[in-house]
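Quick note, the sequences are listed as chains A and B, same order.
All residue numbers for the first sequence refer to the working numbering, where the first residue is 1 and numbers rise by one.
All residue numbers for the second sequence refer to the working numbering, where the first residue is 1 and numbers rise by one.
Only pairs whose alpha carbons sit at most 30 Å apart, straight line, appear in this in silico DSBU-like list of lysine-lysine:
{"no.": "1", "chain 1": "B", "residue 1": "Lys-373", "chain 2": "A", "residue 2": "Lys-12"}
{"no.": "2", "chain 1": "A", "residue 1": "Lys-84", "chain 2": "B", "residue 2": "Lys-373"}
{"no.": "3", "chain 1": "A", "residue 1": "Lys-210", "chain 2": "A", "residue 2": "Lys-84"}
{"no.": "4", "chain 1": "A", "residue 1": "Lys-12", "chain 2": "A", "residue 2": "Lys-84"}
Calculated from the structure, these hints are not laboratory results.
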Amino acid sequence: MNAITVKNLTRKFGDFTAVDNVSFDVKRGEIFGFLGANGAGKTTVIKMLCGLLTSTSGNATVAGYDINTQPESIKRTIGYMSQKFSLYEDLTVSENLNFFGGVYGLNERDLNDRIAWAVEMAGLTDKKGALTGSLPVGWKQRLALGCALLHRPQVVFLDEPTGGVDPVSRRRFWDLIFTLAEEGVTVFVTTHYLDEAEYCNTIMLIHAGKIVAGGSPRQLKTEHIRYPMLEVNCTGIIESLNILQQQDWVIESSVFGTLLHVSVENEEAGSRKIKEVLSEHNITVHGIERIVPSLEDVFIHLTDKP
Amino acid sequence: MFSRIRSISIKEFRQVSRDTRSLGILIFIPAFMLLMFGYAVNFDVDDIALAVYDEDNSVQSRQLIDKFVHSGYFDLKYYLDSPREIDRLLDRELIRVAIVIPENFSNSIIRGEDVSIQVLIDGANASAAATVMGYTNTIVQDYSLDILSETMLTAKGTTFAPPIDYHPRVWYNPELRSPVFLIPGLIAFILMVTSAVSTSLSIVREKELGTMEQLAVSSIHPVELIIGKIMPFVLTSLISTVFILLGGYLLFGVGVAGSFLWLSLLVVLFLFVALGWGLLISTTSDTQQVAFMKALTTTMLPTFILSGFVFPIHNMPVAVQVITYIVPARYFLEALRAIMVKGVGGAVFWEQIIALLIFGFILVLVSTRRMKKQGYVTV
Ligand SMILES: Nc1ncnc2c1ncn2[C@@H]1O[C@H](COP(=O)(O)OP(=O)(O)OP(=O)(O)O)[C@@H](O)[C@H]1O
Ligand SMILES: [Mg+2]
Numbered sequence: 001m002n003a004i005t006v007k008n009l010t011r012k013f014g015d016f017t018a019v020d021n022v023s024f025d026v027k028r029g030e031i032f033g034f035l036g037a038n039g040a041g042k043t044t045v046i047k048m049l050c051g052l053l054t055s056t057s058g059n060a061t062v063a064g065y066d067i068n069t070q071p072e073s074i075k076r077t078i079g080y081m082s083q084k085f086s087l088y089e090d091l092t093v094s095e096n097l098n099f100f101g102g103v104y105g106l107n108e109r110d111l112n113d114r115i116a117w118a119v120e121m122a123g124l125t126d127k128k129g130a131l132t133g134s135l136p137v138g139w140k141q142r143l144a145l146g147c148a149l150l151h152r153p154q155v156v157f158l159d160e161p162t163g164g165v166d167p168v169s170r171r172r173f174w175d176l177i178f179t180l181a182e183e184g185v186t187v188f189v190t191t192h193y194l195d196e197a198e199y200c201n202t203i204m205l206i207h208a209g210k211i212v213a214g215g216s217p218r219q220l221k222t223e224h225i226r227y228p229m230l231e232v233n234c235t236g237i238i239e240s241l242n243i244l245q246q247q248d249w250v251i252e253s254s255v256f257g258t259l260l261h262v263s264v265e266n267e268e269a270g271s272r273k274i275k276e277v278l279s280e281h282n283i284t285v286h287g288i289e290r291i292v293p294s295l296e297d298v299f300i301h302l303t304d305k306p
Numbered sequence: 001m002f003s004r005i006r007s008i009s010i011k012e013f014r015q016v017s018r019d020t021r022s023l024g025i026l027i028f029i030p031a032f033m034l035l036m037f038g039y040a041v042n043f044d045v046d047d048i049a050l051a052v053y054d055e056d057n058s059v060q061s062r063q064l065i066d067k068f069v070h071s072g073y074f075d076l077k078y079y080l081d082s083p084r085e086i087d088r089l090l091d092r093e094l095i096r097v098a099i100v101i102p103e104n105f106s107n108s109i110i111r112g113e114d115v116s117i118q119v120l121i122d123g124a125n126a127s128a129a130a131t132v133m134g135y136t137n138t139i140v141q142d143y144s145l146d147i148l149s150e151t152m153l154t155a156k157g158t159t160f161a162p163p164i165d166y167h168p169r170v171w172y173n174p175e176l177r178s179p180v181f182l183i184p185g186l187i188a189f190i191l192m193v194t195s196a197v198s199t200s201l202s203i204v205r206e207k208e209l210g211t212m213e214q215l216a217v218s219s220i221h222p223v224e225l226i227i228g229k230i231m232p233f234v235l236t237s238l239i240s241t242v243f244i245l246l247g248g249y250l251l252f253g254v255g256v257a258g259s260f261l262w263l264s265l266l267v268v269l270f271l272f273v274a275l276g277w278g279l280l281i282s283t284t285s286d287t288q289q290v291a292f293m294k295a296l297t298t299t300m301l302p303t304f305i306l307s308g309f310v311f312p313i314h315n316m317p318v319a320v321q322v323i324t325y326i327v328p329a330r331y332f333l334e335a336l337r338a339i340m341v342k343g344v345g346g347a348v349f350w351e352q353i354i355a356l357l358i359f360g361f362i363l364v365l366v367s368t369r370r371m372k373k374q375g376y377v378t379v
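Model the full structure from these sequences, guided by the hints.
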């Protein structure tokens, strides 16, 4: 049973197609990661699914409701955390929770229960009376999540919830996402961080408005990168990259921090040729080893193509 | 439905009460304007230094001069022998008005012909000049009517135009000398400006912050949102109105002749229009700055100039008079003056009520449609 189905969804802004004929499914209770560079169209898709933006063509259902004809029903069953922090900074933590609970139409008892739950979940017990604007970003994001979950939505959309958040708070936020998924909530999350993508059950890669690949992290790595991937540790990274990119036996190459990732048809032959060609140019090779490609490799592989 | 509106209002009240600056403005502006307008008008009332150059020196010309002297506003300082002195006196600010009565004044009046008098006013202080002009106008018209009725008595059956042609274009409502007319105008002005500004700002701020999106995704109905949001502003506007009425009564002795029920109904109806205008502005602005400028420029001058607040509409050029029909404050002011001054009820100003209702509904309709189109409210 799918929590979300998307079929040929398209959104144009004037002549510009921000989302181009996108189709995918999200299974109930899974963590679904939506990945893409800036301007890829992630937010636009989410807004259409949440009923905040009309689609130009195509259709989609969320929790069984049609986005084009039943946006009201959708809104009652989803939680949404927008990319831009959108709580009231001049209200306190509990005032924000009270407000959103009231707007969702919770009755008094339910509201108090849920607020207590949200405060506990977000780890904000000592901060209930603090002005929201005075909290660190990571805390604000947990509060925003709490607000989005007050009415017990079946599906939550989190648009870059960890943007600008420190690593410890990021990890803590993801723990909350795991807990939600365990409770059966479907989590649709967008991110720039590829390490976070590894935590998802399913990933969908969107590039310039089009879906370029999708599947579990494991599937993506094995299906899309069929050639061995070598990690090269050498001096003069940029120069080496330029040299390797000119070789016709190099399938793909890219910089990873202070290392190079190079994919070749054959591990041993490739390794030997890399050493040869680089030493011809007086570049010292400290080491070459075969690695399991990371999602970043897959990402570059899929989006670097012209 | 009710609990959602309440949640929004509570939140809005909290935010307003924490934003001491705008709260101060909401409360301070009405009081300030009441004092400013009320006293500015009262201070200028008497002892306007006057010089007269009477070439005619007749019974009629002396009657006219007497009218000025006895009005209580003018102080006849100089009785001139030549028009040349006028410039000097005005320049040195020894006088603020000079009247020149031409030689043929009395003869023309007797023969029933049109006659002109010349009035020179020190224009350095524009608003004082306007006041002076207003008084002069009243007196001259008054005198014209005297003559007219006299002639009518002697020569029945013929129609006459007021015989004295008064030169300066009158821009000023002579009635304004009475705060009775000022207070209703002030109420209209303050309600229009503060409501439009505060509504549009409060909605555009939500857009700017992104919280509008968060609200839009919580199946809240636009009507619930709008009612909840404007509640605090309705309340502060009503409080302002009470303050102005109270101040007008205590400081200037202006009471309400008609029923308070009609007054409250009318004020609420006008608020509906003003808030609708703020709403429409909020749908056309993306930043608070833009909304503020739009709200201010579209409410302040029209309500001030084109509503009949300070300048009587019947004295405006026809083209301008036509424009006043699209200024909602015009209708409000007509009705409000009718209640406060004449003490009449809705039967008299039902046309104004209908006009305001039409304005309000069009504004709310257009803005909710625009909001929907922009995706802030459900389809
Ligand atoms: N209202 C709009 N009008 C015109 N163009 C828009 C509008 N909203 C988005 N776009 C364009 O559509 C494209 C996709 O935008 P979108 O916000 O969906 O990207 P994104 O994947 O969420 O990017 P980011 O990671 O920066 O949040 C961008 O090029 C953006 O400029
Ligand atoms: Mg985005």
